[in-house]
Structure formats: structure tokens, C-alpha cells
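The numbering of the sequence shown is the numbering used here, which starts it at 1 and goes up by one.
Note that these hints are calculated values from the structure, not bench results. Mixed in with the good hints, there may be bad ones.
Distance windows between CB atoms, simulated [what the hints assert, rightly or not]:
id, residue 1, residue 2, range
1, 88, 108, 25 to 35 Å
2, 154, 35, 46 to 56 Å
3, 59, 134, 48 to 58 Å
4, 47, 92, 46 to 56 Å
5, 40, 124, 43 to 53 Å
6, 41, 239, 35 to 45 Å
7, 200, 66, 56 to 66 Å
8, 191, 124, 13 to 23 Å
9, 137, 26, 46 to 56 Å
10, 66, 125, 52 to 62 Å
11, 127, 239, 31 to 41 Å
12, 88, 188, 50 to 60 Å
13, 199, 251, 42 to 52 Å
14, 232, 275, 15 to 25 Å
Please read all numbers here as calculations on a predicted model, not as lab measurements. A virtual CB, placed ideally from N, CA and C, is assigned to each residue, including glycine.
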Amino acid sequence: MVEDRVEPRAGRAGRGSTGPGSGGDRAVTVTSHVVLGIWSLVVVLPLLWVFLSAFKSNREIISGSPLALPSSWSFDNFVLAWVDEKLGQAMLNTVIVVGCALALVMLLGAMCAYVLARFEFFGRRAIYYLMLAGLTFPVFLAIVPLFFVLQTMGVLNTLHGLILTYVAFALPFTVFFLYAFFQGLPGEISEAAAIDGAGKWRTFFQVMLPMATSGMASVAIFNFLGLWNQYLLPVALNTKRNNWVLSQAVASFVSGAGYQSEYGLLFAGVVITIVPVLVGYVLFQRQLQGSVSQGTMK
Numbered sequence: 001m002v003e004d005r006v007e008p009r010a011g012r013a014g015r016g017s018t019g020p021g022s023g024g025d026r027a028v029t030v031t032s033h034v035v036l037g038i039w040s041l042v043v044v045l046p047l048l049w050v051f052l053s054a055f056k057s058n059r060e061i062i063s064g065s066p067l068a069l070p071s072s073w074s075f076d077n078f079v080l081a082w083v084d085e086k087l088g089q090a091m092l093n094t095v096i097v098v099g100c101a102l103a104l105v106m107l108l109g110a111m112c113a114y115v116l117a118r119f120e121f122f123g124r125r126a127i128y129y130l131m132l133a134g135l136t137f138p139v140f141l142a143i144v145p146l147f148f149v150l151q152t153m154g155v156l157n158t159l160h161g162l163i164l165t166y167v168a169f170a171l172p173f174t175v176f177f178l179y180a181f182f183q184g185l186p187g188e189i190s191e192a193a194a195i196d197g198a199g200k201w202r203t204f205f206q207v208m209l210p211m212a213t214s215g216m217a218s219v220a221i222f223n224f225l226g227l228w229n230q231y232l233l234p235v236a237l238n239t240k241r242n243n244w245v246l247s248q249a250v251a252s253f254v255s256g257a258g259y260q261s262e263y264g265l266l267f268a269g270v271v272i273t274i275v276p277v278l279v280g281y282v283l284f285q286r287q288l289q290g291s292v293s294q295g296t297m298k
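With these hints in hand, go ahead and build the complete structure from the sequences.
Below, the structure is given as C-alpha cells:
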């Protein structure tokens, strides 16, 4: 009977304690939704304004409402920006440079991080700390040495010279990011692969690397955004007009279009710049979310 009297009291106390908690949860939920809604408007409205203005003439942009639909959906601004301002050539150069650099830095960074995290050898910690030192070194201090190094190698003002520079620029961060992933993988799996007759190369590419896909996906996104928006290195090391990447072409285009008050042309160039990044995110959004959730489950 004692237990029968205690249980209802505990139940009533439990129900009473969940009341304020549920109300607090609702308040937090409503507040977070309001803040996210305001933040979404702050981000989306300027992008919508830029997108709509890219189809308008200068008269419509100056005299009309910023979010009003254009009187006619004309692609003249996009054609002029793509062909006359050579944004198309710059886009192709950027895809080549960033694509090749991203593939190389992910491969080399994963291999380097795996060796530093899983193998014991003399100087391992020194190499790792030198990689970390590369993250703290300001990029603008390396411009002059990089200029002379690329000039000596004969790859100054070339796309493959810029690819090598991008790889060197992104490698320390990639190694630092992936080091923890490879170090956290269970050693029993690599031992089991060795017992099954797998060599070190096969163990890395077929066993250990697929297990680090969450880290690979995350660092690939960070590297892509950093290399795509890189401006200082191309400006100093890639001055040949035909080899300009998108950041250089857009900077020159924006200054010229703004000076001539070609606002529709200016907005079209901005849309051309941001659309590939948005399309890439939409295409790889599910894979990225899956890799991050997989990493948290581990």
C-alpha cells in the first residue's frame, strides 16, 4: 500500500514539472523560428533584388521598385556580361583551376593526414606542427617568394602554376582537418585488413578512406568555397588577361560597370558568379547532410 500511495504523488509531481519545461520549449521554438525568419529575409531579399535587377534596364532599376518584376525578361545583360566582358572565359578558367586543385589537395591531404595519424616514425610530430604553422602564416607575406618561385619554375601567369599555388595554400588546413578523423578510426579495422592480406595502399583507399567520408565531404566544401573566392593569389600571380579567374574578372567588371552606371549588366555579372555555387550546393546538399549525420553518429 505504501507503494500505491507514493506512485500517484510521483506522477503528479512529474506532470507538474513538465508543464513549465514544455512552455519554455515552446518559447525557445517560437523565438528561434522568428529569428531564423528575420535572418532568412535579410539574406533572401537582397539576392532576389539582384536576380530581378539582372533582367531590367537601367531606367527600370533606377525608377522602379527594387522587388518589382521586370517589364520584359531580357537576357541581354547576361549575354553582354558572358561574352563582351569575358566572364565565360573566366568561369572556364576558374572551373579548371579549382577543380584540379580541389582533387589534388583532397588526395594529397588525405594521404598526408592518414600517414601522420596512423604511423609512427621519426619527425612525425614535427611535420604535423609545420603543417599547423602554415595555417598561421599570413598569405600576403608569401606573395613575393611565391612570385619568384613560380617565375623560376616557368609557370608564372599560367593556370597550372595557379593550381600548384592553390594546392599548397589549402593543404595545411586539409591535413589539420582530416588528421583527427583518421586518428579517431578504430585500429582493429586496419589490423583486420592486414590479416586479410591487404597492403597499406589497399587498406587506405578501400578501407580507411571510405570511413572518413564525413570529414572528406566537409573539408571539400570548405576548400571549394575558399578557392573559388580566392582573390589575392590570382591578382599577384596570374596577371595574364586570358588566364584570369572569375574573382579577377568580376572585380574588373564591377569597377567598369559601376563607373559607367551599367547596373543591369553589373547585376547580371553577380548572378553569373553566385549561380554555380548555389547549383553545386543544391546538387550535393543531400550527400553533405548525410556525411555530417554519419560523422555525428560515429
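Quiz item: Range hint 13 to 23 Å: satisfied by the CB atoms of residue 191 and residue 124?
Solution: Taking Cβ atoms as reference, residue 191 and residue 124 lie about 20 Å apart, which means the hint holds.
Practice problem: Given the range 35 to 45 Å, decide if the beta-carbon distance of residue 41 to residue 239 lies inside it. | Solution: 41 Å, holds
Self-check item: residue 66 paired with residue 125, Cβ distance criterion 52 to 62 Å
Solution: 56 Å, holds
Quiz item: Taking the beta carbons of residue 59 and residue 134, is their distance inside 48 to 58 Å?
Solution: Since residue 59 and residue 134 have Cβ atoms about 51 Å apart, the given range 48 to 58 Å holds.
Quiz item: Is the hinted range of 31 to 41 Å satisfied by the C-beta distance from residue 127 to residue 239?
Solution: Between residue 127 and residue 239, where Cβ atoms are some 34 Å apart, the hint holds.
Quiz item: Does the Cβ distance between residue 154 and residue 35 fall inside 46 to 56 Å?
Solution: 54 Å, holds
Quiz prompt | C-beta pair residue 137, residue 26: status relative to the range 46 to 56 Å that was hinted | solution = 49 Å, holds
Quiz item: Has the hinted range 46 to 56 Å been met by the Cβ atoms of residue 47 and residue 92?
Solution: Taking Cβ atoms as reference, residue 47 and residue 92 lie about 24 Å apart, which means the hint is violated.
Practice problem: Hint says 43 to 53 Å; check whether the CB-CB distance for residue 40 and residue 124 agrees. | Solution: At roughly 46 Å between Cβ atoms, residue 124 and residue 40 fall inside 43 to 53 Å, so the hint holds.
Exercise. For the range 50 to 60 Å, tell me whether the beta carbons of residue 88 and residue 188 fit it or not.
Key: 52 Å, holds
Quiz item: Per the hint of 25 to 35 Å, is the separation of the Cβ atoms of residue 88 and residue 108 within bounds?
Solution: 31 Å, holds
Exercise. Indicate whether the distance between the beta carbons of residue 199 and residue 251 respects the range 42 to 52 Å.
Key: 49 Å, holds
Checked against the numbered hints listed earlier, the structure breaks hint 4 alone; every other hint is satisfied.
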